[in-house]
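**Student:** Starting from the known structure of chain A, fit chain B onto it as the hints suggest.
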Amino acid sequence: MVFERYVEVGRVALVSCGPYKGKVCAIIDVIDQNRALVEGPSTKQGEEGVPRQAIRFKLLQLLPYKIKIAHTTRSKALKSAWDKESISTKWTTSIVCQKLDARKRRQLLTDFDRFKLMKTKQRRQRLIRLCMGPKPKDKANK
Amino acid sequence: PIKRFSLRNINTISIMGPKAPAKSKSKSKDSTAAGKIRKSRNYEITPGVVRFSKSRMYHKKALYKKIKHGKREGKKKEIKETVVKKELGGKNGGFRMVRKKKAPQFYHPEGCPKPRLRKRSTKIGQGATKLRSSLTPGTVCILLAGRHKGKRVVFLKQLQSGLLLVSGPFKINGCPIRRMQQSFVIATSTKLEVGSVPAHLDDNYFRRIRLTGSSSGKKKDEDIFATTKEKYEVSEQRKKDQAEVDKMIMESLNKNPDKNNLKKYLGATFGLRHGMFPHELKF
Chain A
1 MVFERYVEVG RVALVSCGPY KGKVCAIIDV IDQNRALVEG PSTKQGEEGV
51 PRQAIRFKLL QLLPYKIKIA HTTRSKALKS AWDKESISTK WTTSIVCQKL
101 DARKRRQLLT DFDRFKLMKT KQRRQRLIRL CMGPKPKDKA NK
Chain B
1 PIKRFSLRNI NTISIMGPKA PAKSKSKSKD STAAGKIRKS RNYEITPGVV
51 RFSKSRMYHK KALYKKIKHG KREGKKKEIK ETVVKKELGG KNGGFRMVRK
101 KKAPQFYHPE GCPKPRLRKR STKIGQGATK LRSSLTPGTV CILLAGRHKG
151 KRVVFLKQLQ SGLLLVSGPF KINGCPIRRM QQSFVIATST KLEVGSVPAH
201 LDDNYFRRIR LTGSSSGKKK DEDIFATTKE KYEVSEQRKK DQAEVDKMIM
251 ESLNKNPDKN NLKKYLGATF GLRHGMFPHE LKF
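Those protein sequence lines, which keep their order, are chains A and B.
Residue numbering for the first sequence follows our numbering, starting at 1 and increasing by one per position.
Residue numbering for the second sequence follows our numbering, starting at 1 and increasing by one per position.
Worth double-checking, as some hints may not be accurate.
Some residues of chain A that are not near chain B, with every Cβ distance over 12 Å (derived) [stated by the list, open to error]:
# : residue
1 : Val9
2 : Lys21
3 : Gly22
Okay, the calculated bits of chain A under chain B, using three or more residues with CB under 8 Å as the criterion [to be verified]:
# : region
4 : 97-109
5 : 112-118
Quick list of in silico lysine-lysine cross-link-like pairs, DSSO-like style, CA-CA up to 27 Å [as the list claims (entries may be wrong)]:
# : chain 1 : residue 1 : chain 2 : residue 2
6 : A       : Lys76     : A       : Lys90
7 : A       : Lys116    : B       : Lys264
8 : B       : Lys255    : A       : Lys116
The set of hints was computed from the structure by calculation and includes no laboratory data.
Quantities reported herein were computed from a predicted structural model and do not represent experimental measurements.
Don't be surprised by glycine CBs; every beta carbon is placed ideally from N, CA and C.
One chain only, chain B, in its complex shape:
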């Protein structure tokens, strides 16, 4: 009969092979060259339950000698919670105690609420939003929202924030180099070969410019009746970059054998017609 191995039996079972049983005091270490079997101080009473607890074992093994603990922190410095403030003027006791740290204004009825999860992480190196496999640089996409909805534009690259950088090209359909959310874009299977976009076109470049004179700015001496609205004007930098990017796209378009149709395609707006069901359409 094979003896089942358990912590309980460890003293009596020989793992290294048959050995003269029982007579040798099991306390002695089995000093064979190939590994020693130590007698365990602890054993299982039933599976999962050991005879001696962790703290007992700590003392049995004299781990206080072996395990070195770091230096314990000294007593915390007493932080004064209140500060004495001298009160001048007669009959108010001369001083009052003021809290250094103000009591919270609001105690949440359900305990402290969890901080909101940040949906967009802009960790460098780690892709923020996962880009759909159907979106590769040069893919023609259909924009589904925003000013340019329905337009077919060329996807250029994914920016750090996860947004997509797209361009009409501007000459063809009036959509400039712009950022777009991935979820509001349908990627078609039409692909163009575009090179790399200039590196300075990043999220910072496309940051919204707040116009002075709009509702946000309140200047003291501003005339309330002034009706001057600052208009948004396209910067020269933008025009230059647009021309550069569009040149790259047009070049690849002209190389394509189907260029005439493609140019018309990019200029046309997408719309659902009779009998077109988006879940059945292949893009």
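In isolation and in its complexed conformation, chain A is listed as follows:
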């Protein structure tokens, strides 16, 4: 299988573990075989980004976005390159991000919320079945 996402300076990655789990950052430099220097400006208002630090490659999930930066650029330059490619928008509108958010929201549901959700799903299904009409009888089973 051909690899499409490479570890390179400017590759945008998702942090999968640790205190910055779920946040997006760019690889600024490669330290050694296991670690990269990363930094990520905040993608959502009110949320902090990923501060400049060394992260193991194992904790990063490479994304299909890339920004044009030189290795070890300053935070300011990084941010401007980030905004130029509008990575924040690309990320927040991506399916992966939406799925992660949905998972988070589901985790925070209370018992009552879960009940209401179940009832809404039931109602929706009933309407769908009504629209679909009665099931046609299977000729093979006759």
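**Tutor:** For chain B alone, kept in the frame of chain A given last:
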């Protein structure tokens, strides 16, 4: 050089300030207006060890003059341990000695066992069992044990014994006003506004009624073959109280904007489904 203060040196160090050293007999009290330093009769030999013991000091200070002791108890009255009992009928010596207090029937092999700690204290004023902070009056709870397990009920208040007073409401899910153990209840974050419960609903009110005719009662003239079992019947008082309490809960339910869902919610039973892990669920 600063002289270290210790009980030993107390006679030679002047705390009040530099003073003409040594010449003045240290026995004399330093009679400055701001506090007197008495010569201590005792002193430390090494840290923690004093020269004169407590009993020596007692005598040195003549505390027998100063400390007044209460009147000592008089000699204890002799308690007769045995009592003479006259034995009638011929050849048995005429009398025997009987213990007034019987000897214990059982001597514990490991010495006297400690009395069991009472887990539930019903001290008035002092909260018996600590109520979880998530349980406030009006909280919807999930019952985990008992007849009504799985049901979502409304918590009303904590009773004196520490048990929780809950109600279905009865109309919605069939759970009456009832007591429940705190440990068998999950408090959800759904809260209703309920007023105060009538005061006569206390632990005494919910005390179990023993039915006559059940295994406990043994009457002499009872027919062994009688198959009459006394059935438990709900008293009128209970019905009345149930209606009163439920009215209060229904009122608060109807005021809630989400009332339809809430009523259905209270009527539904809780169950774990596929992929639901209690330690990960938020209630």
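**Student:** Okay, the region 112-118 of chain A and chain B, do three or more residues pass the C-beta test at under 8 Å?
**Tutor:** holds (count 3)
**Student:** Confirm or reject the statement that lysine 21 of chain A sits farther than 12 Å, beta carbon to beta carbon, from all of chain B.
**Tutor:** holds, 16 Å
**Student:** With a cut-off of 27 Å on the C-alpha distance, tell me whether lysine 116 of chain A and lysine 264 of chain B pass.
**Tutor:** holds, 9 Å
**Student:** Taken at face value, is the distance from the CA of lysine 90 of chain A to the CA of lysine 76 of chain A at most 27 Å?
**Tutor:** Satisfied, since the Cα-Cα distance of roughly 20 Å is no more than 27 Å.
**Student:** Can we confirm that no CB of chain B comes within 12 Å of the CB of valine 9 of chain A?
**Tutor:** holds, 38 Å
**Student:** Using Cβ atoms and 12 Å as the threshold, tell me whether glycine 22 of chain A really stays out of contact range of chain B.
**Tutor:** Since the minimum Cβ distance to chain B is about 17 Å, glycine 22 of chain A lies beyond 12 Å and the statement holds.
**Student:** According to a criterion of three or more residues whose C-beta lies within less than 8 Å of a C-beta of chain B, is the region 97-109 of chain A covered?
**Tutor:** That given contact holds, which follows from 3 residues of the region 97-109 of chain A lying within Cβ reach (below 8 Å) of chain B.
**Student:** Within 27 Å, alpha carbon to alpha carbon, are lysine 255 of chain B and lysine 116 of chain A?
**Tutor:** The hint holds at about 18 Å.
Of the hints listed earlier, there is not a single one the structure fails to meet.
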